[in-house]
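Asker: I would like the entire structure built from these sequences, with the hints used as guidance.
There are 2 protein chains.
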Amino acid sequence: MSGSRGWETDKRASFYSLDRWLRHARRYRGFHEPSVELHLNLIYTYGVVASHFARRLSAKRLSLSAGNVLMILRESENKGRPLHEIGELLLVSRANITALVDSLERRGLLERVGQEGDRRVRIARITKAGEALLESILPGHYAEIRRIYTVMSSKEKILLSRLLTKLRNNVQRSIESDRERGENT
Amino acid sequence: MSGSRGWETDKRASFYSLDRWLRHARRYRGFHEPSVELHLNLIYTYGVVASHFARRLSAKRLSLSAGNVLMILRESENKGRPLHEIGELLLVSRANITALVDSLERRGLLERVGQEGDRRVRIARITKAGEALLESILPGHYAEIRRIYTVMSSKEKILLSRLLTKLRNNVQRSIESDRERGENT
DNA sequence: TATTGTTATACTCTATAACTATA
DNA sequence: TATAGTTATAGAGTATAACAATA
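Just so you know, the sequences run in chain order A and B. When we follow the working numbering, the leftmost residue of the first sequence carries the number 1, and every step to the right adds one. When we follow the working numbering, the leftmost residue of the second sequence carries the number 1, and every step to the right adds one.
Simulated from the structure, these hints should not be mistaken for lab results. Treat the hints loosely; a few may be bogus.
[Unchecked claim] Using 30 Å as the maximum straight-line C-alpha spacing, the simulated BS3-like pairs for lysine-lysine come out as follows:
| id | chain 1 | residue 1 | chain 2 | residue 2 |
| --- | --- | --- | --- | --- |
| 1 | A | Lys-79 | A | Lys-60 |
| 2 | A | Lys-166 | B | Lys-166 |
| 3 | B | Lys-155 | A | Lys-155 |
| 4 | A | Lys-60 | A | Lys-128 |
| 5 | A | Lys-79 | A | Lys-128 |
| 6 | B | Lys-60 | A | Lys-166 |
| 7 | B | Lys-155 | A | Lys-166 |
| 8 | B | Lys-128 | B | Lys-60 |
| 9 | B | Lys-60 | B | Lys-79 |
| 10 | B | Lys-166 | A | Lys-155 |
| 11 | B | Lys-166 | B | Lys-155 |
| 12 | B | Lys-79 | B | Lys-128 |
| 13 | A | Lys-155 | A | Lys-166 |
| 14 | B | Lys-166 | A | Lys-60 |
Remember, it's a predicted structure, so these values are computed and weren't measured experimentally.
Answerer: Spelled out as C-alpha cells, the structure:
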C-alpha cells in the first residue's frame, strides 16, 4: 500500500512482538501475556491474509463480500437465496445487503426473482455470467489457499480450526449475554 | 446487527462447516479440505472477535484503528511518532493516516508537533486526555481478552500464536514475490 | 530525485432509522 | 404485530493521484 517499497516487515514484526507493550501493559491486573500475544497475532495475521485475497479479487472488480455472495448463490444453485438469508450468513444487515446485491445485479452477475407463496421475499439467483466469473477465479483461489497453508501439517490445521471454533463460540456466547444484559437495563 | 434477535448462529455454523461447499469445491484440482476449512474459520472467527471489540470501543467513540493509534502513541510516550511510521505499523497509507490523526487531534486526544532536524516530518504525540481515555478502556480490555481466550490452555495459545506467525510470514513472502513479478512485467 | 504530509476523489463497508408491502 | 426489503444518511476504511515543502 501507499506505493512504498521496503515493506518495513521487520519494524511491524517487532512492533507486534509484544515485548514493546509489556512495560505499560503489565500494570493491568487482567493482563495475561499469552492471551494478548495471541490476540495481536490473530488480528495482524487476518489483516495480512485478508488483504492478500482482497487484492487478488479486486482484479475481477469484486470485494470480499461480493465474492462471498456469489459463492453462497452458486452453492444454492437455481433455487437462489432470499436476501435476508445472505445477510445473516455474511453478518451484513438487511439494509446493507440491498446495496451489495444491487451492484452485483447491475453487472449481471445475479438476478432478483420473486418467491411464490410470500410476496415480501425476493430471491437472489446467480446468472451464467456470475458462474463464469467464479469459474475464472476459483481454481487460482483454491490453489492459493492450499499454498499459503503449506506451512502447517494437516494435523496442525485441524487443531487450529478446532481452537478457532471454540474461541468463536465463546465470544458469541458473551455477545449474547451482553445483549441480554443490555436489554434488561 | 440489523436489530434481529435469534442470531441464526446454527445456520451460520452449518454454513461455515464446509460440508455444503464440498459438492462444488471438490471439482477443483487445488482444493484441499483442511486448508479451506481453516481459512474459513480464520476469517469467520476474526469477524466475530473484531466486531466484539469494535462494539466495546465504540462506547468511547473510537474505531479499532483509532484505538490502535493511541496505543502506539502511548507506547512511544512523549517522543511521539512520525505520521508515516504510524501508517506503516497499522497498514494504513500516508494519505489515510492524515484523516485518522485529524479526527483524534480535533478531539484533543493527540497533538501534532514538528520534528527538529527534518522539517518535512510531523510527530503525533498523545495528550493527557488521550492517556486518560486509554486508562478508562484498558483494564476492561485486557480482562476481556483474558476472558475470551480461557477456552484454550496457555500451551495451546503459544502454539496457535506460532502457527499464525508462520502463516503470516508465508503470505508476506508471497505478497513480496507477487510485487516483484508485477514490477518486472 | 525521493520523502513527508496533505488534499481531493471515489468506492466499499458498517450502522441506524424510517418507510412500504406484505404476512 | 412481525417480517422482508428498500431508501436515506452518516461515519469509517481503503485506494489512487496529484501537489507543496523539504531533504
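Asker: All hints, please: hold or fail.
Answerer: Taking the hints in turn, this is what the structure says about them:
no., hint, in the structure
1, A:Lys-79 to A:Lys-60, "25 Å, holds"
2, A:Lys-166 to B:Lys-166, "21 Å, holds"
3, B:Lys-155 to A:Lys-155, "16 Å, holds"
4, A:Lys-60 to A:Lys-128, "16 Å, holds"
5, A:Lys-79 to A:Lys-128, "14 Å, holds"
6, B:Lys-60 to A:Lys-166, "29 Å, holds"
7, B:Lys-155 to A:Lys-166, "15 Å, holds"
8, B:Lys-128 to B:Lys-60, "16 Å, holds"
9, B:Lys-60 to B:Lys-79, "25 Å, holds"
10, B:Lys-166 to A:Lys-155, "15 Å, holds"
11, B:Lys-166 to B:Lys-155, "17 Å, holds"
12, B:Lys-79 to B:Lys-128, "14 Å, holds"
13, A:Lys-155 to A:Lys-166, "17 Å, holds"
14, B:Lys-166 to A:Lys-60, "29 Å, holds"
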